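These are the residues of each chain, in order.
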Amino acid sequence: MKFGVLVFPGTWSDRDCGWVVDQVLGEQLTYLWHKDADLKGCDCVILPGGFAYGDYLRTGAIARFAPVMEKVGEFADRGGLVWGICNGFQILCEAGLLPGALIRNASLEFRCQWTNLMVDRNDLPYTSQCAEREVIRVPISHGEGSYFADPATLSRLEQNGQVVFRYCDADGRVTPGANPNGSLHNIAGIVNKRGNVLGMMPHPERCSEPELGGTDGLKLFRSVVESATRALVS
Amino acid sequence: MKVEQLDERRLREVALTPDEYSAIVDQLKRAPNEVELGMLGVLWSEHCSYKSSKALLRRLPSSGASVLQGPGENAGAVNIGEGWAAVFKIESHNHPSAIEPYQGAATGVGGIIRDVIAMGARPIALLDSLRFGPLPASRHHVDGVVAGIGGYGNCIGIPTVAGEIYFEDCYAQNPLVNAMCVGLVPVHRLMRARAEGTGNSLLLVGADTGRDGIHGASFASVELDENSSQRRPAVQVGNPFLEKCLLEACMDLAHTDAVVAIQDLGAAGLTSSVAECAGRVRGAGARIDVSLVPRREKGMTPYHVMLSESQERMLVVVQRGREAEVESIFQAWDLTSAVIGEVTDDGCLTVVDGGREVAQLPVALLTDGAPLRRLVGVAPAQRPALDLDELAPLVDPGAALLRLLASPNLSSRRGIFRRYDHMVGDSTVVPPGGDAAVLRIKGTRLGLAMTTDCNSRYCHLDPNLGAQLAVAEAARNIVATGAQPLAVTDCLNFANPDRPEVYWELEETIAGLAQACRVLELPIVSGNVSLYNESSGESAIYPTPVIGMIGLLEDYGRRLEAGLRSEGDFVLLVGSSHNDLGGSEYLKVEHGRIAGRPPALDLTRERAVHKLMLAAAGGGLLRSAHDCSDGGMLVALAECCLLGGIGVRCPPVQSEGPVRTDAAFFGESPSRFIVSVPSRAMPEMQTLARRHHVEVTMLGLAGGDVIEFEGQFRVSLAEMRQAWEGTVT
Numbered sequence: 001m002k003f004g005v006l007v008f009p010g011t012w013s014d015r016d017c018g019w020v021v022d023q024v025l026g027e028q029l030t031y032l033w034h035k036d037a038d039l040k041g042c043d044c045v046i047l048p049g050g051f052a053y054g055d056y057l058r059t060g061a062i063a064r065f066a067p068v069m070e071k072v073g074e075f076a077d078r079g080g081l082v083w084g085i086c087n088g089f090q091i092l093c094e095a096g097l098l099p100g101a102l103i104r105n106a107s108l109e110f111r112c113q114w115t116n117l118m119v120d121r122n123d124l125p126y127t128s129q130c131a132e133r134e135v136i137r138v139p140i141s142h143g144e145g146s147y148f149a150d151p152a153t154l155s156r157l158e159q160n161g162q163v164v165f166r167y168c169d170a171d172g173r174v175t176p177g178a179n180p181n182g183s184l185h186n187i188a189g190i191v192n193k194r195g196n197v198l199g200m201m202p203h204p205e206r207c208s209e210p211e212l213g214g215t216d217g218l219k220l221f222r223s224v225v226e227s228a229t230r231a232l233v234s
Numbered sequence: 001m002k003v004e005q006l007d008e009r010r011l012r013e014v015a016l017t018p019d020e021y022s023a024i025v026d027q028l029k030r031a032p033n034e035v036e037l038g039m040l041g042v043l044w045s046e047h048c049s050y051k052s053s054k055a056l057l058r059r060l061p062s063s064g065a066s067v068l069q070g071p072g073e074n075a076g077a078v079n080i081g082e083g084w085a086a087v088f089k090i091e092s093h094n095h096p097s098a099i100e101p102y103q104g105a106a107t108g109v110g111g112i113i114r115d116v117i118a119m120g121a122r123p124i125a126l127l128d129s130l131r132f133g134p135l136p137a138s139r140h141h142v143d144g145v146v147a148g149i150g151g152y153g154n155c156i157g158i159p160t161v162a163g164e165i166y167f168e169d170c171y172a173q174n175p176l177v178n179a180m181c182v183g184l185v186p187v188h189r190l191m192r193a194r195a196e197g198t199g200n201s202l203l204l205v206g207a208d209t210g211r212d213g214i215h216g217a218s219f220a221s222v223e224l225d226e227n228s229s230q231r232r233p234a235v236q237v238g239n240p241f242l243e244k245c246l247l248e249a250c251m252d253l254a255h256t257d258a259v260v261a262i263q264d265l266g267a268a269g270l271t272s273s274v275a276e277c278a279g280r281v282r283g284a285g286a287r288i289d290v291s292l293v294p295r296r297e298k299g300m301t302p303y304h305v306m307l308s309e310s311q312e313r314m315l316v317v318v319q320r321g322r323e324a325e326v327e328s329i330f331q332a333w334d335l336t337s338a339v340i341g342e343v344t345d346d347g348c349l350t351v352v353d354g355g356r357e358v359a360q361l362p363v364a365l366l367t368d369g370a371p372l373r374r375l376v377g378v379a380p381a382q383r384p385a386l387d388l389d390e391l392a393p394l395v396d397p398g399a400a401l402l403r404l405l406a407s408p409n410l411s412s413r414r415g416i417f418r419r420y421d422h423m424v425g426d427s428t429v430v431p432p433g434g435d436a437a438v439l440r441i442k443g444t445r446l447g448l449a450m451t452t453d454c455n456s457r458y459c460h461l462d463p464n465l466g467a468q469l470a471v472a473e474a475a476r477n478i479v480a481t482g483a484q485p486l487a488v489t490d491c492l493n494f495a496n497p498d499r500p501e502v503y504w505e506l507e508e509t510i511a512g513l514a515q516a517c518r519v520l521e522l523p524i525v526s527g528n529v530s531l532y533n534e535s536s537g538e539s540a541i542y543p544t545p546v547i548g549m550i551g552l553l554e555d556y557g558r559r560l561e562a563g564l565r566s567e568g569d570f571v572l573l574v575g576s577s578h579n580d581l582g583g584s585e586y587l588k589v590e591h592g593r594i595a596g597r598p599p600a601l602d603l604t605r606e607r608a609v610h611k612l613m614l615a616a617a618g619g620g621l622l623r624s625a626h627d628c629s630d631g632g633m634l635v636a637l638a639e640c641c642l643l644g645g646i647g648v649r650c651p652p653v654q655s656e657g658p659v660r661t662d663a664a665f666f667g668e669s670p671s672r673f674i675v676s677v678p679s680r681a682m683p684e685m686q687t688l689a690r691r692h693h694v695e696v697t698m699l700g701l702a703g704g705d706v707i708e709f710e711g712q713f714r715v716s717l718a719e720m721r722q723a724w725e726g727t728v729t
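Keeping their order, the protein sequence lines are chains A and B. Going letter by letter, the first sequence gives residues 1 to 234 in the numbering used here. Going letter by letter, the second sequence gives residues 1 to 729 in the numbering used here.
Looking at chain B on its own, in the form it has when it is part of the complex (with noise of 0.2 Å):
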C-alpha cells in the first residue's frame, strides 16, 4: 500500500508522519493493520522514542563508581553504601497537567512512583519542581497541581520533601509538572525490567483496563493548542489508594524469587511495556493475549487494550509454573492479576484476540525503529544585553529587600509545601524549605540529601550557561546539607524542536550539561525530555533543564540546615562575588528587565567551594549553611535570619571596590554560601578556607531581631517575615 492510500488524518491520528509509514511500510515489507498502526504510532511519538533528542543524549556521561543503573531502565541506580542502593527518576507530566491540572499532577506523580517500585525500591520521598505564568491569572493551574500532587502523594503516604516553583510569563499557557521520587532497596535485591526466560509467564496486575489515556503519548508529542481542551480524555485519572496496595504488594514480592522483572505501565501502556521489556533482551519477544486482560468496560477493541493509559497497572514477569505463588501476593491486598501472555524468542511482539492474531511487529521496530530525526540547530538573535552603567543605583537596600523577599520567586514557599505531607516515614531530619531535604536511612547513619533546580532565565539568556549553572546550583543545595552530591537525573523541558532556535536551545543545554556533569563528577543516571511546551506556534517556554540531585552524608547526625542557631556566631560569605546582575531577580523586580549574560560560572572554583565547605561542616565547624543563589547575598542572608529566628548586625558594605553595591547586595555571583560559625572555630575555617585557596569575607555577627547594615539600612525580621510569607499560598 502506498502512503497516498492512507488516509491522512488517520496518520495525523497516530501522529507519524508520511516518512514515518513509509519506514514502517519498508521494514515490516507490508502495510500494518489498525492495531499496528496504533502501536508504532504511540512507540515512535517524541514521548516514548526520543526521536528529536536521542543522539544528543548520548553526550550525557551515565558511569561512574556508584552506578549500579544508569539510563534506559524505569529509574537510575547508585550505590550508597552499607548494602543500600538509591533508586531515583524525574519525569514531566506537563501536557496533561496544562489541561487537567488536578489530574495530570496526581497522575505524574502516581507514574514516577511506579518507575521506582519497578526497580524493586520502595518509595521514600518525592519531589516536584512546577513552573507556572504569573499569579493570579495561573491560579487554576497552581491550585489543580498542588492539590492534585497533594491528592496523590498524602494519600499514598510517601513524603514531599523537596521540589521548587517559579513563576515566568513563558510558562503561563504551558505550565510545567516534573515529578520526582526517589527510592531504596538493598543492592542485591535491585531489579531490571528484563523480559528474560523464553516461556516465562506476563501478569498483569492492578487497575482493570479501560478506554482511559488513549494517545497520550501522541498527544504529549504535539504542541498544544485551541483544541487540546478536547484531549482532556487523553489524560488519566489517578487512584492513589489502588497504587498504595500495589506498592506493598511489589514490596511483598521480595519474599518469593519466583519473579524475574517487574514494569510500571505508563504512557503507551501494556505496548510500550511489553516492549520495553522485551526489547532490553536480546531476541526476545512476547505474545499477549488481549481478551485475558482484565477490563473496565464492554466494547472495549485489542486496539484500545493495547493503548490504554489506564493508571496503577504493573507488568510482572514470573517464572513458568510459578504464576499461583505470586498471583496469591496480590490476592492478599485484593488486587486483580491475570496471566496475560508469554515470553517468547521470536523477537516479535504478538498480538491475539482469543484465537485470531490481531498484530505482530518486530519489537526492534516498535522500540528503536523510529527513524532519528535530524534537526538543525540555529542560534537566534541576541537576547538583549544589559550596561551596568546605564543602571540606575541602588538607593534604599532594604525596601529593595522587603521587594525580592515579596516576589513570588523568593518568597516562602511554606503555604505549598505545608499541604504536602513530608513527614511519614520518619526519616525526614531535614524539611523542606531550606537547601536540600534529607531523609535517615534507618538502621544506618546515612543520610540522602535530595533537591531539585533550574534557573530557566538564565537557560533563556545563555541555554549553555544556564544549563552549567543548574547543576551547579543543585549540588550547592546538597553540599550546603553537609552532604556530597553523588548522581543526577534530569528533565529537559523545551518548546518546539522543529524551530531551529529550539533545537540550538537543546543542544546548548546538553552540552553545558555534559561539561558540569564531568567537571563536578556527577553522572546522569536517568531522565525524561518533554519536547513541543509551547502553545499555536507563539509562547514557547524558556529551556529549562531540571536537575534533579541526590547526595549523601555518611552520619546524618553532621547536617547543617540554612537558619542562623546561635547568637553571637560569625557570619560568612564563603566565595568570591562578582558584578553578576544579568539575568538576576533584582533586574527584574526592580528594573523589570530579563536581560544580559548570566552569572560566569568556574566550575574548578565550584569544586574548590564544595570541597571546602564539606571538610568544614564534616569537621563540625559550620553551624548552619545556605546556598547563595537567586536575589543575591542579601536574600539569601535574610533567608538564614528568617530560617533562624535570628538577625545579623553587619558593617556597611563598600562600594569603592570593584564589586557594584547593588551586585554586592543581590548580585547571583554562583559558587557561594553563607554560613555561620561558632567564634572558637573561625581560626580553623580561615585557615581551611586558605588551603583550598577560596575567598571567605565576614559579613557579620548573628544576633537581634533585625538585619542591619551600618549606616546604610536596617529591616526586621517581622518586617521580613510580613513580605516574604505573603506572596505565595
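Here chain A stands alone, though its shape is the one from the complex (with noise of 0.2 Å):
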C-alpha cells in the first residue's frame, strides 16, 4: 500500500515515519509537501510530529489554512485513512477533523518519555493488530499534548467510543500518575464517529525497531497495512 509522510515547514518526524514504512515495513512511500495539490494516490495520509510553521501562534493553527490541508479534507471525508501523530493531532484537531484540543502539560514543561497505552479498541484499521485491551508501551515527546474538550464533547466521545489510546500504567491501571501531561480522562488519542481519522499525541515510528527500546508502534503501522489489503481483498 502506499503512504503518504505529509510535510510542512517544520516537520520534523517526516523522516522518522517514512524510515519505519520504507525500511521496515517496506510499503510504498510518497512524501507530501504542504504546498502540493494532490495527495499522489496515497490509501493512508500521515501528519507527522514536528512545529508546523513554528507553532508560535498556537499549535497547528497554522498548518489547517496550508493548501494540501483542503485535500486532506476532502480525503477524510471519502473515508480515508488520515493518521495525525503528535503535531499532526494538534492540527486535525485546529482543522476540525477531530474535536478537542491539544492544551500545553499540566507540569508547564516539555516531556520526553515513554508511556503505557491502553488501547480501548482493537476494531479499527489503526488497531486491529492489537489484542482486546492490550498495554502498550509508546514514547511521548510535547510540551502541549494535553487533551482537552468541553464536557458535552468528552462525553460524547466515551458514548460513541471514540478514545482509542489513555495513558495508563504498566498493569493496564488508568489513573491519575500515570498521565504524563494532565489529558482528561488520560486520553492520547481519538478517532472521528467514522473511525478512519485517527490522532494520538505518542510517536508509533519511535518504537518500531527493537534498538529503540521496543516496537509496539509496529503493531499499529502493521494493522494499517493489514487493514488495507483486507480492503483489497474484499
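Just so you know, not all the hints are guaranteed correct.
Footprint (simulated), chain B over chain A, 3 or more residues, beta carbon under 8 Å [unchecked claim]:
# : region
1 : 46 to 60
2 : 132 to 144
If we take Cβ atoms under 10 Å as the criterion, some of the chain B residues that face chain A in the derived model are [what the hints assert, rightly or not]:
# : residue
3 : Pro134
4 : Tyr420
5 : Val424
6 : Arg565
In case anyone wonders, no lab produced these hints; they're calculated from the structure. Keep in mind the model is a prediction, meaning the values are calculated, not measured. Just so you know, even glycine gets a beta-carbon here, dropped at the ideal spot from N, CA and C.
Could you use the hints to bring the two separately framed chains together as a complex?
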C-alpha cells in the first residue's frame, strides 16, 4: 500500500515515519508537501510530529490553512485513512477533523519519555493487530499534549467509543499517576466517529524496531497495512 | 591620526586597546574610519581572534589517520567508515546565558548547529555541558538555560542526547553553557567554507538582518560587571523554526554542484563570516554591498549591517551565473536570499553602500592581524592540602551513599533530559542517563558514541592533571558503551587570563590536554575558548576544559549500557583502587572540603584498561559496563543497580589492606569500570584481564532489590531511588 507522509515547514518526524514505512515495513512511501494540490494516490496520509510553521501562535493553528489540508479534509470525508501523530494530532484538531484541543502539559514542561497506553479499541484500521485492552509502550515528546474538550464533547467521545488510547500504568490501570500531561480522561488518542481519522500524541514511529527500545508502534503500522490489504481483497 | 586624538571611550566601545589601535594605524598607514574600526574591534576581540590563547592552542595534537578536517573550519570532521564523515564541534555561550539564560542558551544551540550545517552535514545530535552555582539560588539560570536548550532543540528536531550539569559556588555569577553538535555527511560531500573562485557570488540567506547582537563578540571578551545586564541587547533572539527551514534547504543544496562553500554567520556576523571565508584562500578578497542586505528594520547604517549578529543566517558562495538555481532551493522553503557581493582576488574586504565605499581592509589584517598577547603565567598559592590521617573515619557507608546520591552533582539527571527530545531521528540506541549516548547510523551497523566531560574541581586543584582526567573520563564513557574513542572537541572555559594565575591555569590545562590526547591517540579537531568568565574581579570560575568526544562501534548491536541486566551475573570492578579522596565528591559532601590532589592518573594504565574493556565487549563477555568516577565505586555500583532495577549482594570491603574503607567505597581512582559478566564468561574474562595486566576484583552477585555489603550495610533500591531522583528537577 502507499503511505503519504505530509511535510510542513517545521515538521521533523517525517523522515522517521518515512523510515518505518519504507525500511521497516517495505511499503510504498511518498512525501507530500504542504503546498501540494493532490495526495498522489495515497491510501493513508500521515501527519507527523514537529512544530509546523514554528507553532509560535498556537499548535497547528497555521498548518490547518496549508493548501494540502483542503485535500486531506476531502480525503477524510471520503473515508480515507488520515493519521495524525503528535503535531499531526494538534493540526487535525485545529482543522476540525477531530474534536477537542491539545493544550500545554500540566507540568508546564516539555516531556520526552516512554508511556504505557491502554488500547481501548482494537476494531479500527489502526489497531487491529493489538489485542483487546492490550497495554502498549509508546514514547511521547511534546510540550502541548494535554487533551482538552468541553464536557459535552467528552461524554460524546466516550459514548461513541472514540477514545482509542489512554495513558495507563504498566498493569493497565488508568490512573492520574500514569498521566504524563494532564489529559482529560487520560486521553492519548482519539478517532472520528467513522473511525478513519486517528489523532494520537505518542510516537509509534519511535518504537518500531527493537534497538529503539520497543516494537509496539509497529503493531499500529501493520494494522494499517493489513486493513488496506483486507479492503483490496473484499 | 594619533591614538591620543581618538576618543578613548570609542576605543572601549569596540574593545580595542590603544596598542592595538596603533598596530592598526601602522599596518593600514592611515586611521581606520568608523565602520572599519567596528569591524576590526569585533574580529580582534578575544572571542574571534584567540589573541590570548592562539600560541598555546598550537600545542594541541590535531592530526590522526581518521581526521578529515582539523581546527580552523566551522567544525572538525573524522572518517568513520562506510563512506561517512562525522562532523562535530563544541562552543560556549556563557556570557549571553549569564545575562539572558533562555535566549543565551537557545542561540548557543542554534549557532553550533549552523557550524555543522556549514560543513555540508546533517546535524544528528546535540549535547550540552552546563555549570551553575548551587541551587536554589541558581534556579533562574538553570530553568532558563534548560528551557532554552529544549526550546531550540525540540523545535528544530535534533535530539539532545547527552551532556552534563554540575553545581559549584564558583559558577554562581558565571554559569557555563557549552553546546556541542554532531552531524553526518558522506565523505565526498564534506564542505569547506573557502571563498574560492574570483567573481563567484556571495549569497546571504535566512533571517533578515536587524540591529540585534551588535558587539556580542566584544561583550563575550570582557568580564561581566554590575552593568552587564544593560548589555542584554547584545544577546540575540533565536528562531528555531527559521533555522529548521535553513537546515533543510542547505541539505537540499546537495542536489546541485553550484555551491562552492557555506559559512555560518555567528559572532561578529557578516564581517567575520566574509573575512574568514576569504581568509582561508590565499589572496582572496570580497566585495559586499550592504545596500543589498535584506533588513529587518529601517535606519540601519553600514556599521550596523556589518556588525549585526542576527541569528539564523548563512553565507553561501555560489558559482557565478548559477545564482538563480541556488536561490530557487531557498525559495522552496520560503527563505529570503540575496546576492550581496562577490569573491575578489585583491585580498581585501571592501564594503560599499550602493555606490559609496564605506570600508576597505586587508583580509589578513582582519583575521590574523590582532597582535598576539604575551601573557605571563604564575602558579597560584598552593591549593589546600589533604591529610588523610586527619579525616574522620567512615562510620555508615549506607547513609553516606544516600547522601551522595542526593548530592546535586551526582543525582539523576532524568528531571533535565526528559525536557529534551532525545529520540527524534529514530537513531538513539543508547539514550541519555548512562555513560555516553550511542546513535546508530542508518543503513549501516555503525554506532556513534558521544559524551561531554570535565570535573572542574580536579582542574581547580591541579589544572594539568585535571585536564588529563577530563580526557580520560570522556574516553572511559565512550569505552563503557563498547565504542572505540575517536576524536575530541574542546571548550576551554577560563576566568580572566590577564591575571597570571589564570593564564598559568590555561597553560597547564593545555599541557595536560596535549599529553592525554597524545597518549590516548585522540586528535582534537575543533573547539572553542571562552575567557573572562569572572565577575568584577571576584568569583572567578574554576578552569573548566570541557571535553566533547565521539567514538565508534563497528556494530551497534554490541553496545553496552550501565544498568545491570540479569540476576546471577557477576559484578566486577575492573582496574585498581587507591586512596584517592582528593577533590572527591565524598570529601565535599561528607567533610565539606574541596582539597587535596586529584587522583593520580597513569595514562598508559588507562589505555590498557580501555583495551581490555573493548576486547571483552567485542568478545561478548560483558552484559553491562559503567565508568567508575565521581562518587567512586559505591556510587557507580548504585547507578548500575538503579539503572538496571536489580540489586547486588557483596562480601564486605576489607579495611586491613592498603586502601582505606572510605577510599574503597568513595575514592575516585580513575581507569576503573564496573561491569557485569554472566557466570559462563567468567573464566574467559579473567584470562583476558591477566593478558592485559589489568586488576579485576569481584564485587558481588547481581540480584534482589538491595545493595548489601555483608556485615557493613544494606540499602534498598527504593531508598536509593528516592534520594537519587529527588534533587535536580
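Right, here's what the structure says about each hint:
no. : hint       : result
1   : 46 to 60   : holds (count 7)
2   : 132 to 144 : holds (count 3)
3   : Pro134     : violated, 22 Å
4   : Tyr420     : holds, 6 Å
5   : Val424     : holds, 6 Å
6   : Arg565     : violated, 14 Å
Hint compliance for this structure: hints 3, 6 are broken, all remaining hints hold.
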